[in-house]
Amino acid sequence: MASESNGGVIDATGYIKHHLQNLTYGQHPDGHWGIAHSAEEASAMGFWSINLDSMFWSILLGCIFCLIFWLAARKVTVGGVPGPLQNFCESMVEGVDNIVKESFHGKSDLIGPLALTIAVWVFLMNLMDLVPIDFIPEFAKRVFGIEYFKVVPSTDVNVTMAMSLSVFALMIYYSFKIKGAKGFAAELTMHPFSADNKVVQIILMPINFFLEIVSLISKPISLGLRLFGNLYAGELIFILIALLPAFAQPLLSVPWAIFHILVIVLQAFIFMMLTIVYMNMAFETHDDH
Amino acid sequence: MTINATLLGQAISFFFFVLFCMKFVWPPLISALRERQATIAEGLAAAEQGAQAQEVAQAEADKMLGEAKTQASEIVSQAQKRHNEIVEEAKQNAVLESDRIKSSAQAEIDQEVVTARAALSKQVSSVAVAGAEKILQREVDPKAHAAILDDLIAKI
Numbered sequence: 001m002a003s004e005s006n007g008g009v010i011d012a013t014g015y016i017k018h019h020l021q022n023l024t025y026g027q028h029p030d031g032h033w034g035i036a037h038s039a040e041e042a043s044a045m046g047f048w049s050i051n052l053d054s055m056f057w058s059i060l061l062g063c064i065f066c067l068i069f070w071l072a073a074r075k076v077t078v079g080g081v082p083g084p085l086q087n088f089c090e091s092m093v094e095g096v097d098n099i100v101k102e103s104f105h106g107k108s109d110l111i112g113p114l115a116l117t118i119a120v121w122v123f124l125m126n127l128m129d130l131v132p133i134d135f136i137p138e139f140a141k142r143v144f145g146i147e148y149f150k151v152v153p154s155t156d157v158n159v160t161m162a163m164s165l166s167v168f169a170l171m172i173y174y175s176f177k178i179k180g181a182k183g184f185a186a187e188l189t190m191h192p193f194s195a196d197n198k199v200v201q202i203i204l205m206p207i208n209f210f211l212e213i214v215s216l217i218s219k220p221i222s223l224g225l226r227l228f229g230n231l232y233a234g235e236l237i238f239i240l241i242a243l244l245p246a247f248a249q250p251l252l253s254v255p256w257a258i259f260h261i262l263v264i265v266l267q268a269f270i271f272m273m274l275t276i277v278y279m280n281m282a283f284e285t286h287d288d289h
Numbered sequence: 001m002t003i004n005a006t007l008l009g010q011a012i013s014f015f016f017f018v019l020f021c022m023k024f025v026w027p028p029l030i031s032a033l034r035e036r037q038a039t040i041a042e043g044l045a046a047a048e049q050g051a052q053a054q055e056v057a058q059a060e061a062d063k064m065l066g067e068a069k070t071q072a073s074e075i076v077s078q079a080q081k082r083h084n085e086i087v088e089e090a091k092q093n094a095v096l097e098s099d100r101i102k103s104s105a106q107a108e109i110d111q112e113v114v115t116a117r118a119a120l121s122k123q124v125s126s127v128a129v130a131g132a133e134k135i136l137q138r139e140v141d142p143k144a145h146a147a148i149l150d151d152l153i154a155k156i
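Chains as they are written, first to last, in this note's numbering: chain R, 1 to 289; chain P, 1 to 156.
These are computed hints drawn from the structure, not numbers from a lab.
What you were told as hints is all true, and nothing was included just to trick you.
Only part of the chain P face toward chain R is listed, based on derived beta-carbon distances under 7 Å:
| hint | residue |
| --- | --- |
| 1 | 9 |
| 2 | 14 |
| 3 | 18 |
| 4 | 28 |
| 5 | 35 |
| 6 | 36 |
All C-beta atoms, glycine included, are put in the ideal place defined by N, C-alpha and C.
With these hints in hand, go ahead and build the complete structure from the sequences.
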């Protein structure tokens, strides 16, 4: 903790770096498998290493989401007065269903559950940001001797990018499935510039393809990085506030936490909304070309 | 902050969570919602129908009430009429009866008068004779003066 340190720039930097480091398990350059003890060691492990803390928290939160909604879904009753849990889950499902109905014009049984999972799971992962920043890491350090323990999975770029790339994979899959290879290729090459003259059209095709492919690739990247960036920045500010003297911390962390509640919900909503919109694009067929 | 296999692990868990949601969470909840929506819509339609039926019944009842009122007033006016008739008849009967009683009484009175007059005249004649006897102090032949007495009786 910052208050425990001797003060000075090195300690503050160390504190920040410590809080931004995941608990990474992988193969050390010398060949043995183990936990990375510094950011350098973690990056030296290369791709085949895994952030245990991100995985732990995201899977735990995902299981909490599944458990809560499964408990409600299992005992769902149409007649009679629904209990609070059923009310909550029903209102969530209904809200997501309404948004899907408004924004998604295709026919798919996947979009609703996908959107609900994203909304609730991302929300829960973001919510971990409101847990006082040193509680869980300190607990893990003292009780289990775990050196690094990031509790907010959505501040791990792997987590957010994994979700956005999964959405991207679904987009590509459904684009091929709904439009066919030819239709998808046409969508990528016949827009935004089109001409009646065949020769001109062929000349325009590479330009169209370049523009479309950039916009296509930018979708998952912006989707994942938006969530990551917002939560990472929020987390960083909490870390910086935690560096202040104890009496000053509540003055800043409370307003920031209250503001951050908005960010948490908003980012979960945006992630879900954009997923629906992107999936709608994948399902849309253009008859004009 | 490095990209590593967490990406894959996360994608796999994401897949399973979506799958779970798709199989066990979404269908029961959404079908319950739809069913409840249908039930509520039915209930509202039934309420609407009930309200309409009630309106119709109200109109019917109003109509029947109006009819009954008209009928009642008709009956009342008929009864009034009949009452008047009965009263009128009774009056006429009473008048006739009274006339009859009056005339019979008159006849009786007349009869009585005649009888009384006859008796009186007889008594008067006998009183007159007795008086005359007293005055004359002698016996008078009633037969000789019968003509005079009869004349007297006729005068009375």
